[in-house]
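Taking the hints into account, I'd like the entire structure generated from these sequences.
Number of protein chains: 2
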Amino acid sequence: MLGCEWIIDAYGCDPQRLRELAVMVHLCDTIVEELDLTVVGKPTWHQFPGQAGVTGMYLLSESHLACHTYPEVGVATLNLYCCHRIQEQPWAELLRRQLRASHCEIVCIPRGQHAQAGSSEQSLAPLPISPDQEARR
Amino acid sequence: MLGCEWIIDAYGCDPQRLRELAVMVHLCDTIVEELDLTVVGKPTWHQFPGQAGVTGMYLLSESHLACHTYPEVGVATLNLYCCHRIQEQPWAELLRRQLRASHCEIVCIPRGQHAQAGSSEQSLAPLPISPDQEARR
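Protein chains in written order, with the working numbering: chain A, 21 to 157; chain B, 21 to 157.
One or more of the hints may lead you astray.
Each pair may be met inside one copy or between any two copies, as identical chains are not told apart.
Unchecked claim - Calculated pairs, SDA-like style, for lysine to any residue (alpha carbon to alpha carbon, straight line, at most 20 Å): (1) K62 - V45; (2) K62 - L41; (3) K62 - A112; (4) K62 - P130.
Keep in mind that the hints were calculated from the coordinates and are not lab data.
What follows is the structure, given as structure tokens:
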């Protein structure tokens, strides 16, 4: 197995907080800090215009963290994909505290759970082909 | 509901291709193009040193696309979170063609499904894709 991905949907959030870039940056930075994750490069953030939400992505040594907000329905969605197993986290408490979420739906999905070390290297010869040589549909 | 997330684990991939940044960029660009997605800002890519893999993230108007590769076990993992519903895609065929994947495991997870009044009360459990989307050997 290559780790797991936490898929978190937080409902009943304060719409104003979901529109504030600083609030969402603080949330993601808190997750990175509390789980001792390693950010690769610079996080990417985008604030959609008007009353829309924000979205952010962190490339991690451990895989990735992403968030999207939907102020119009009071929802924030997060993904944390971590290539080593992490303990269950008090996600609902964190999201209640920082976004005023009333409840969360959380699942943890194993990734690459059938991966076997060495199998691919042994069964397949390297076949370096330039992407330009790919036949497109 | 705020869309769905495709979670795709491709096994038996050619390790050399999983190490080539250009191959993985081409794969993600193909997905963006074929699904007519809109990239926000510049995609973020990172190539890990030595014989390790690559990782990339695209912030989209529709949400995000992310990929990670594990050449040591011949695995690529992808996430495509799209805030509007997209048709089922021939993921296994695409990954066979571009990465030489022998088989894929694919689930589609609804996101924010309780965001609207009267929405489904289904659980957030991963939904298996129809058999013809699976390319098990």
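Hints versus structure:
Both within a single protomer and between protomers do K62 and V45 lie at most 20 Å apart by alpha-carbon distance, with minima of 12 Å and 19 Å respectively. Taking CA atoms no more than 20 Å apart as the test, K62 paired with L41 passes in both settings, with 15 Å inside one copy and 19 Å between copies. In this assembly of identical chains, the alpha carbons of K62 and A112 never lie at most 20 Å apart, being 27 Å within a copy and 32 Å across copies at closest. For the identical chains of this complex, K62 and P130 are neighbours neither inside a copy (26 Å) nor across copies (29 Å), given an alpha-carbon limit of 20 Å.
Checked against the numbered hints listed earlier, the structure breaks hints 3 and 4; every other hint is satisfied.
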